[in-house]
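Visitor: Model the full assembly from the supplied sequences, consistent with the hints where possible.
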Amino acid sequence: MRSVSNLGANLGQIGRLPNMNIAQLGNFVNAIGASGFTSSAIFCPGSASVFGLYFQSEIDSYFWRGLIPTEMLYPASWVPGLAETSVGFPQTWGGIYPRNNALYQVQGVKASAVLANRVLSIVSQSSQPHIYTKLEGDYSGFRMFETGGSPVWQRLYPNAEPRCGTFGANDSLWLTSWGDGNTSSGEGYMWNVWRRYECCQKAGQIFLSSVHW
Numbered sequence: 174m175r176s177v178s179n180l181g182a183n184l185g186q187i188g189r190l191p192n193m194n195i196a197q198l199g200n201f202v203n204a205i206g207a208s209g210f211t212s213s214a215i216f217c218p219g220s221a222s223v224f225g226l227y228f229q230s231e232i233d234s235y236f237w238r239g240l241i242p243t244e245m246l247y248p249a250s251w252v253p254g255l256a257e258t259s260v261g262f263p264q265t266w267g268g269i270y271p272r273n274n275a276l277y278q279v280q281g282v283k284a285s286a287v288l289a290n291r292v293l294s295i296v297s298q299s300s301q302p303h304i305y306t307k308l309e310g311d312y313s314g315f316r317m318f319e320t321g322g323s324p325v326w327q328r329l330y331p332n333a334e335p336r337c338g339t340f341g342a343n344d345s346l347w348l349t350s351w352g353d354g355n356t357s358s359g360e361g362y363m364w365n366v367w368r369r370y371e372c373c374q375k376a377g378q379i380f381l382s383s384v385h386w
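Taking the working numbering, the leading residue of the sequence shown gets 174, the next gets one more, and so forth.
Fair warning: there could be bad hints in the mix.
[Unchecked claim] Using C-beta positions, here's what the derived DEER-type ranges look like:
hint, residue 1, residue 2, range
1, I232, G354, 26 to 36 angstroms
2, Y277, F315, 38 to 48 angstroms
3, P242, G314, 23 to 33 angstroms
4, I232, E309, 12 to 22 angstroms
5, Y235, T349, 12 to 22 angstroms
6, W347, M317, 35 to 45 angstroms
7, L240, L346, 16 to 26 angstroms
8, L348, Y247, 31 to 41 angstroms
9, L226, M317, 21 to 31 angstroms
These are calculated hints, taken from the structure and not from any lab test. Ideal Cβ placement from N, Cα and C applies to all residues, glycine included.
Guide: See the structure below:
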């Protein structure tokens, strides 16, 4: 049996599969599928359909703008630190909850990252109080294994990054901030998100084991 790693995003690399693209302009956010490979003996199937619309804040407007305050039902919306984008202290980014457009952040690129993280939290789970489509691929013929870990992000606009990384770095003591040189004058940003998982093709009726390589 084969077991391969998969991280998903728009710009595919060897051993990785595209997943989802999140674009943000102002406080409007769209999450669109960006899979570019089909499953094979080397690649796992992607978890998003090409150009599939998974979230659009205009459609989810009443919930995204907080006019229907369903997000306030979550304890993390009231208690700082329960679900943060920031890593460690001080928390200089913003919370994942409440998952709406309300956010105080002076750096536009950081605000965009937090909003993208909020949308990922919505579309990767079932029965969330929003209008969206769950990120759920067609895994027929494959056995999937979640490997855990945080998703990694790759900025595509305004300037594309050649590598992926996580959000939340504590830059309070840096000489320059995380967003320096990466800010858009139009406050528009685009991100790819990669999530790691493994799979193996089903060869029979009984799963025996997997070999990692």
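Visitor: Hint by hint, say whether it matches the structure.
Guide: Against the structure, the hints:
In this structure the hint that I232 and G354 lie 26 to 36 angstroms apart at CB holds, the actual value being about 33 angstroms. Range check, Y277 to F315: Cβ separation about 43 angstroms, and the 38 to 48 angstroms hint holds. The hint said 23 to 33 angstroms for the Cβ distance between P242 and G314, and at roughly 43 angstroms that hint is violated. Our hint of 12 to 22 angstroms for I232 and E309 holds, since their Cβ atoms are close to 18 angstroms apart.
The hinted range of 12 to 22 angstroms is not satisfied by Y235 and T349, whose Cβ atoms lie roughly 39 angstroms apart. In this structure, W347 and M317 meet the distance hint of 35 to 45 angstroms, their C-beta atoms being roughly 39 angstroms apart. Taking the beta carbon of each, L240 and L346 are about 39 angstroms apart, not inside 16 to 26 angstroms as hinted. Hint check: L348 to Y247, Cβ distance near 37 angstroms, so the stated range 31 to 41 angstroms holds.
A hinted range of 21 to 31 angstroms for the beta carbons of L226 and M317 is consistent with their spacing of about 23 angstroms.
Going down the numbered hints, you'll see the structure goes against 3, 5, 7, while the others check out.
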